[in-house]
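Chains as they are written, first to last, in the numbering used here: chain A, 284 to 676; chain B, 6 to 450.
Treat the hints as calculated values from the structure; they're not laboratory data. Take the hints with a grain of salt, since some may be wrong.
As the list claims (entries may be wrong) - PhoX-like, lysine-lysine: derived pairs with alpha carbons at most 20 Å apart: (1) B:370 x B:423; (2) B:131 x B:71; (3) A:536 x B:21; (4) A:602 x A:668; (5) A:636 x B:423; (6) B:421 x B:370; (7) B:269 x B:249; (8) B:266 x B:249; (9) B:276 x B:266; (10) B:340 x B:444; (11) A:616 x B:277; (12) B:26 x B:71; (13) B:322 x B:423; (14) B:198 x A:659; (15) A:446 x A:410; (16) B:140 x B:178; (17) A:636 x B:421; (18) A:636 x B:370; (19) B:276 x A:616; (20) A:536 x A:486; (21) A:288 x A:328.
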Amino acid sequence: EKENKTIGLLRRTAIHGESNSVLIVGPRGAGKTMLLQCVLRDLQKEEKVQKNLLQVHLSGLLQTDDRTALKEITRQLHLENVVGDKVFGSFAENLAFLLEALKKGNRSSSCPVLFVLDEFDLFAHHKNQTLLYNLFDVSQSAQAPIAVVGVTCRLDVLELLEKRVKSRFSHRQIHLLSSLNFTQYLERVWTQLSLPDSFPDKKFAQEWNAGVKTLCEDKSVEEVLQRHFNSSKDFRSLHMLLMLCLSRVSVAKPTIKPADLLEASRMCFADATANMLHGLSILELCLVIAIKHLNDVYEGEPFNLQMVHNEFKKFLHRKSNSMYNFEQPVVMKAFEHLQQLELIRPVDGSSAKVQREYQLMRLTLDHSQIMDALQKYPQCPTDVKQWAMSAFG
Amino acid sequence: MTALLQHPGYDEERLKGVAEKLPCREVQAEMLLSLMGQPHQYSYPSILIYGHRASGKSHVMHVLMKELELPHATVSCVECVSIALLFEQVLLSFFGCDAPSLLPRSPSLSDFVRVYRQQCSQSPAKQTRYIVMEKAELLRDTDASLLSALLRLQELVGDNVTVILLSEIAWDKFRPNTGCFEPLLLHFPDYSKSELQQILSQNVHSSYSAGFYSAYINILLGVFYSVCRDLRELRHLAALNFSKFCEPLAEGKVKETDTHKLWKHIEPHLKKAMQTVYLREVSSLQWEQMQQMEEEEAGALRGLSAHTHVELPYYSKFLLIAAYLASYNPARTDKRFFLKHHGKIRKTNFLKKNEKTSNHLLGPKPFPLDRLLAIFYSVVDSRVAPTASIFSQISSLVTLQLLAQVSHDDQLDAPKYKCAVSLDFICAISRTVNFDIVKYLYDFL
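Given only the sequences and the hints, what does the whole structure look like? Please build it.
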């Protein structure tokens, strides 16, 4: 019914010349743009709308300030020639001129214009919010029939608007919050993966759909989908999961199996930091463990290379292991590599005056991440592992 | 071992060529091919590939693009100091030389999308176009909307284009504040030891057998693997040291299969390489020249950081020693070290050092000029008059970056300095003037 509401609104603007403004609000991937496109498509089918309505599509990502936005509006209304080289005193004048130029032949009323503002919250960050103010102003006064539709992912978008802008806005909001339950979610998986009846190879389609059915009924698959459902209900993340799942189907293996979905899920939930820790050299890993010990003893205070090296040397001294007895510059290079991977970050402050060995840093990793990485590390020497799990941990 | 890559829509012969050029990366190439789908189909709008340096990300992308002749634009974000360069590169690669000239002088993202749409309506895409961006982590430092816009470029321009970002940093550190279109994340795992062995052994020289070369690589990995797993660095080191490895063979002292003797010969050499060439202290050219020379002539290789090439005058050395003492000793202990009769030291003055506050771990502390001079006069054995030449020597020490000036340039009457040399260096200097500095350091009491 949200669709009907929007259609009704826009139809009134297009046919009856009423000005409106509405905001479509919903989290990312909820289907806001899709809703708008459906609405516009249905509207275009009506002849009166098709003849009359002009559309201007703006995006907060692309039109980063009001002047660019105005140029874009001029361009989309095909009024560059009319504007020519005119210089306008203010934004309002410019906009009024444009709308005036759209007046129909008998000068009775102007053509209705639909303004679609994507990433609406970004427009609220422009200086003085001039574009928004003027658009809403026109929609409130009777100058020309326009409809302003804003699309945004921020639920608190009204807080961003200035008082004078907010007062001109009609406070009409359409919230798109997903209200799926798990059964509907599973049905969606089923519909997305199945092949339609119009598929040319009937036999293959039948086999494929049977495979999908077994997949959906598999217990472990259901658990995995439950996990995905609990973290996010929106369609976009489901789409990504299914995409990864389908990419495992190939010419050599033209069927879909539960293992595919499980593998795809594993890829989705993989911890990127753990993956990167897997590829560190042993020296770098030892440095990370030394930092962990320092953090435990000194309760998270920043450290520098000298302290870390000192800690590492204590370990070597205990183990009388000459294998890892590297010189300071080699240890420094390993430390810098950790900094490049952003596993450690310098503490804010002037780094110019401080020597590199004494630059204070902080660790961006968690205790549990380090311990997990150690478990998975290939061929980790036992004394290093023991050191990591020793007394202070 | 090399599985055949099969995919409808791409020529089989070409796929075989791709598989040969990508050892140990077949799984990733397979995944990429299936995500790319058939050429005329739309792919996922944005993909982020992350993994360690030299894990083959750019290599795989280049091989795929070149061998399968897909329309693509490769951009390195390091080169794109201004976003205009990025836009021009993309338009040039997709639409020819005339397209970039349509952009206005300092183009914004809006102009880029407009020109792209214009060009696209004239020459629509018959296959998926790819934009490959290397070092994508630098995009975070540019305009906030650039990254968000690139991730959904397919939607904004309405064309069959996919953006592939290559980066060393995980996605969690990239994500913009209010969220964005999430790209597909692909991880390129690091090479294991055996995979590194396999890849490095492919560079075998024609005059030696494969077995001989892989024995060499084995020894090299044995020395360097625990420090560095970067394929590029290892390849460089392998190339530099191979001639030295073959020396005993050329001289006829050992046979090819005598791995133990060869190992004994090359191991000290590799260890030396770790301290010099690996750290870029000496250039590769110097290293190769050093290898040519005889062992006795070679001597100690002078690295860049050595500082031993700096010869200081007598008083400057004492000034530097005094500066080191001033930086690393707390002010309250000066009395004990530098006065001839300091009397009894009460226990309370000398708290047991907490290891954490050891100055050698925390770094040098700033000190005023007066303190430096006071220590200097007590350390120098002969009587020295406070002439201008002493002060000018302090300034020259600052220029040499052995001292660092901490106070602002405005404060002329009470300048503060910090000592910027390491313990090894100052010990070497104090040895040349017969001064036992360790006796005077608080941390080593």
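Status of each hint after checking the structure:
no. : hint          : verdict
1   : B:370 x B:423 : 6 Å, holds
2   : B:131 x B:71  : 17 Å, holds
3   : A:536 x B:21  : 19 Å, holds
4   : A:602 x A:668 : 13 Å, holds
5   : A:636 x B:423 : 9 Å, holds
6   : B:421 x B:370 : 10 Å, holds
7   : B:269 x B:249 : 12 Å, holds
8   : B:266 x B:249 : 13 Å, holds
9   : B:276 x B:266 : 16 Å, holds
10  : B:340 x B:444 : 14 Å, holds
11  : A:616 x B:277 : 16 Å, holds
12  : B:26 x B:71   : 11 Å, holds
13  : B:322 x B:423 : 15 Å, holds
14  : B:198 x A:659 : 15 Å, holds
15  : A:446 x A:410 : 14 Å, holds
16  : B:140 x B:178 : 14 Å, holds
17  : A:636 x B:421 : 13 Å, holds
18  : A:636 x B:370 : 12 Å, holds
19  : B:276 x A:616 : 16 Å, holds
20  : A:536 x A:486 : 16 Å, holds
21  : A:288 x A:328 : 17 Å, holds
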